[in-house]
Amino acid sequence: MIRRPMKRIIPSLILLVTIWACSSDSAGEPQVDPQPEPVSFERSEMLENWADNIILPSYQDFSTRLNTMNTIYIDFKSNPSEEQLQKLRDAWLDAYLGWQAVAMFEIGPAETVGYRLAMNTYPTDANTLEEYLASGSYDLSLPANRDVKGFPALDYLINGLATSDSQIVARYQGADQQAHFEYIDAVIQDMLSLTTQVIQGWEGGFRDAFVANDGASATASTDRMVNDFIFYYEKHLRAGKMGIPLGVFTGSKAPQTLEAYYRTTVGKELFLAATVAVQDFFNGKHYGKSAFGKSLASYLQDLNTLKDGAALDEIINEQLDLAMEQVNALGDFRTEIENNDPPRAMLLAYDEVQRVVPLFKVDMVSAMSISVDFVDADGD
Amino acid sequence: MKAIIRTKLESPREAAPLAVFRILFGFMMLFSIIRFWYHGWIESLYLEPDFHFSYYGFEWVKPLGPYTYLIFLLCALSSVGIALGYKYRWSSILFFLSFTYIELVDKTTYLNHYYFISVLSLLMIFLPLQAYYSVDAWKKPGKAFQLLPSWPVLSLRLLLGIVYFYAGLAKLNSDWMLKAMPLKIWLPSKFDIPMIGGLLGQEWVQYAFSWTGALFDLAVPFLLLSKRTRVPAFIVLVIFHVLTRVLFPIGMFPYIMIVSALIFFPASVHHRFLEILSRLTGIIKQRFDNGRRLVSNYGYAHTFKMTFFALFFGVQILFPWRYLLYPGELFWTEEGYRFSWRVMLMEKSGYAQFKVVDEDSGKWVYVDNSEFLTAFQEKQMSFQPDFILEFAHFLEDHYRQLGWGDVGVYVDSRVALNGRLSRPFIDPRADLTQYEDTFKPKTWILPFHDTIKGL
Chain A
3 MIRRPMKRII PSLILLVTIW ACSSDSAGEP QVDPQPEPVS FERSEMLENW ADNIILPSYQ
63 DFSTRLNTMN TIYIDFKSNP SEEQLQKLRD AWLDAYLGWQ AVAMFEIGPA ETVGYRLAMN
123 TYPTDANTLE EYLASGSYDL SLPANRDVKG FPALDYLING LATSDSQIVA RYQGADQQAH
183 FEYIDAVIQD MLSLTTQVIQ GWEGGFRDAF VANDGASATA STDRMVNDFI FYYEKHLRAG
243 KMGIPLGVFT GSKAPQTLEA YYRTTVGKEL FLAATVAVQD FFNGKHYGKS AFGKSLASYL
303 QDLNTLKDGA ALDEIINEQL DLAMEQVNAL GDFRTEIENN DPPRAMLLAY DEVQRVVPLF
363 KVDMVSAMSI SVDFVDADGD
Chain B
24 MKAIIRTKLE SPREAAPLAV FRILFGFMML FSIIRFWYHG WIESLYLEPD FHFSYYGFEW
84 VKPLGPYTYL IFLLCALSSV GIALGYKYRW SSILFFLSFT YIELVDKTTY LNHYYFISVL
144 SLLMIFLPLQ AYYSVDAWKK PGKAFQLLPS WPVLSLRLLL GIVYFYAGLA KLNSDWMLKA
204 MPLKIWLPSK FDIPMIGGLL GQEWVQYAFS WTGALFDLAV PFLLLSKRTR VPAFIVLVIF
264 HVLTRVLFPI GMFPYIMIVS ALIFFPASVH HRFLEILSRL TGIIKQRFDN GRRLVSNYGY
324 AHTFKMTFFA LFFGVQILFP WRYLLYPGEL FWTEEGYRFS WRVMLMEKSG YAQFKVVDED
384 SGKWVYVDNS EFLTAFQEKQ MSFQPDFILE FAHFLEDHYR QLGWGDVGVY VDSRVALNGR
444 LSRPFIDPRA DLTQYEDTFK PKTWILPFHD TIKGL
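Quick mapping for you: the protein sequence lines, in order, are chains A and B. Start counting the first sequence at 3; every next residue gets the next number (my numbering). Start counting the second sequence at 24; every next residue gets the next number (my numbering).
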């Protein structure tokens, strides 16, 4: 009775035990898997596309822009004129726009150095910054000094020191000239060195580790990237660039918390650049090119999560388009907030930006079965 | 009839299966607790969060700061006590209390298998599992018995049977059977599992898993009972649980179920197991093989015990059906969802944005949930109405303490269930501070606008 089935049972048990033994208990280090038949979505292809066609090219482009800014700053240093200041501002904006394409990748080397907060913590603390300028003693590598460096500090230093350009330039020509230049030197060197560290980190091993960690668990690259991506959209893009200045969370508006506050006209531009970057990442668009690769959107297509007659990737893209359209129709953010009470048009645009959050956080995460945390759960 | 049942319950059986069950259960629990500690979950689930979601009526159960570790230690020690059969009655009581206390602290961590262990350990207090092959029996030969009445074994089988059968019944719904949901979502994400990973994206595999899963749960208790089907059924059971272990983050549950299912085997198997164990440890098994038989004496204690059993199993059989008393879709409202062996049954996630309003001044604020909750708590909260309500009351208290006047709490929420596009979940116009958590239907949950047919 028992003996005959055993013949088939033993091999199947061996197979089973092998599967069991090969699957890890905890979500630990990446594993090397025997490549299965590519019948389902290959996360490793998506990771490769992210790393090689989006993340690294974005970093490199940003690094180029940052270096250009530095070159122009050196010109400004030797000739601090209004004309040179204008050039520096353009280069700063160009680098700031380039930054919007990399800000969301707070993973690996960027996470290690705390890249995003070091580069772009706003509003900048103008009082402390002025104290540092006066005293000449500061250590920008301290975490407490995140709000007196990076792009927002430069914003203050080239746009906000005074109300007119001639007054600003005057500060770079007068007795404090040296102190000012030294401070900007320190800020730019800090930005350059962090950026170099991040790029070297990616090139020197993290890229391969990132692509190899192609499993499905809370520590797998895809799950972490998706969690970080959504976090960025929700906290930095939606809340940081629009919600907080609008006073959505507190009920009282706070235009001084806008990104690039001192350069009144560009808050909207930076927001749109960041949203385009988010959408391009979602769609797997190669950075600076028109080609597309494996992405969250194509992953959703492959998962075939057809809902309400429309595909989720299309729903998300439509909502992002709508949000950008509404934001595009606004005046510059600072004027919108300061001149309207309540800033109704911008609040309505914000609602469209907000509508993307549940689509990412609920629908997409659910469709992909992304892990939030490593803990036992029986899926309720 | 009554006499037949009584004879069946009292007819003598070898105590060996119960001893094996006790030993394996105890060590498995010990291992579970070590694993829990090893992953840092005592810290991250019980010590780090400032706020815990309480079970209705158990709001007084709180983590005890650093002493929480002591509860875990107590739980670990008592599980060793159970395994060794050392002061068994006390060990099992202590285990039940400490384990259940831990589980009651925060319903965020609710798992059917934790509930199973609480229920099982409660039952075990009333079973004479220490009669054979235990320290107690070794030290007091007068209380050692090789033969016991049948009811201890039968009650364990019944509890196990209920767990499987009800888990199977719960799968008999249109999402599971006709849409292969939620496996259609879960399986493709496990593409990285060796060998079978590639298959999991295939639709037929997802349907096959759904149907076999349901069929297995419904049939396995009966197949294990019958002598002819027992061995094949057990093999299928092992395969089934190992697969679930590989596919899903359900921790120790599969192992516990596999070990528990051994209780369906005849005593000869368990004697062989104990013989091997004796050879390895040097324990003299013969000392326990005393031929003595425990006969139930029909006193008050026995009546009390039997009343407990009747109540216990009455609750076990009826409690999962309480959802029928609620209107609306069970999966959507989750009224009567827990404690019913609904395991791995739905993919549900949500989003909840709370707005706290000072009704006196008109001042309002949106809440950053992560300020008060861990990522895991936030995830679990955002699709379960009782969590949402409890958090709303917490926010009310919090803002009262900050000096706000008449606080109103509103939530803008969306929930996606089993692959449906997310929909508004809680009535955004409902001031949640006006509602208390009760067993009555929650009127502030918005309708599901879809039907899931079946049980």
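Since the hints were made in silico from the structure, they are not lab data. You may find that some hints are simply not true.
[As the list claims (entries may be wrong)] The calculated BS3-like cross-link candidates involving lysine-lysine, where the alpha carbons are at most 25 Å apart (straight line), are:
1. Lys110/B / Lys166/B
2. Lys386/B / Lys255/A
3. Lys237/A / Lys166/B
[To be verified] A partial selection of chain A residues facing chain B, derived with a Cβ cut-off under 7 Å:
4. Gly249
5. Gly295
6. Val364
7. Asp365
[As the list claims (entries may be wrong)] Per the computed footprint, the stretches of chain A lying under chain B, defined by three or more beta-carbons under 8 Å from a beta-carbon of chain B, are:
8. 51–61
9. 195–202
Think of the CB as a built atom: it goes at the ideal place given N, C-alpha and C, for glycine as much as any other residue.
Against the structure, the hints come out as follows:
no.	hint	result
1	Lys110/B / Lys166/B	12 Å, holds
2	Lys386/B / Lys255/A	12 Å, holds
3	Lys237/A / Lys166/B	66 Å, violated
4	Gly249	10 Å, violated
5	Gly295	18 Å, violated
6	Val364	4 Å, holds
7	Asp365	5 Å, holds
8	51–61	violated (count 0)
9	195–202	violated (count 0)
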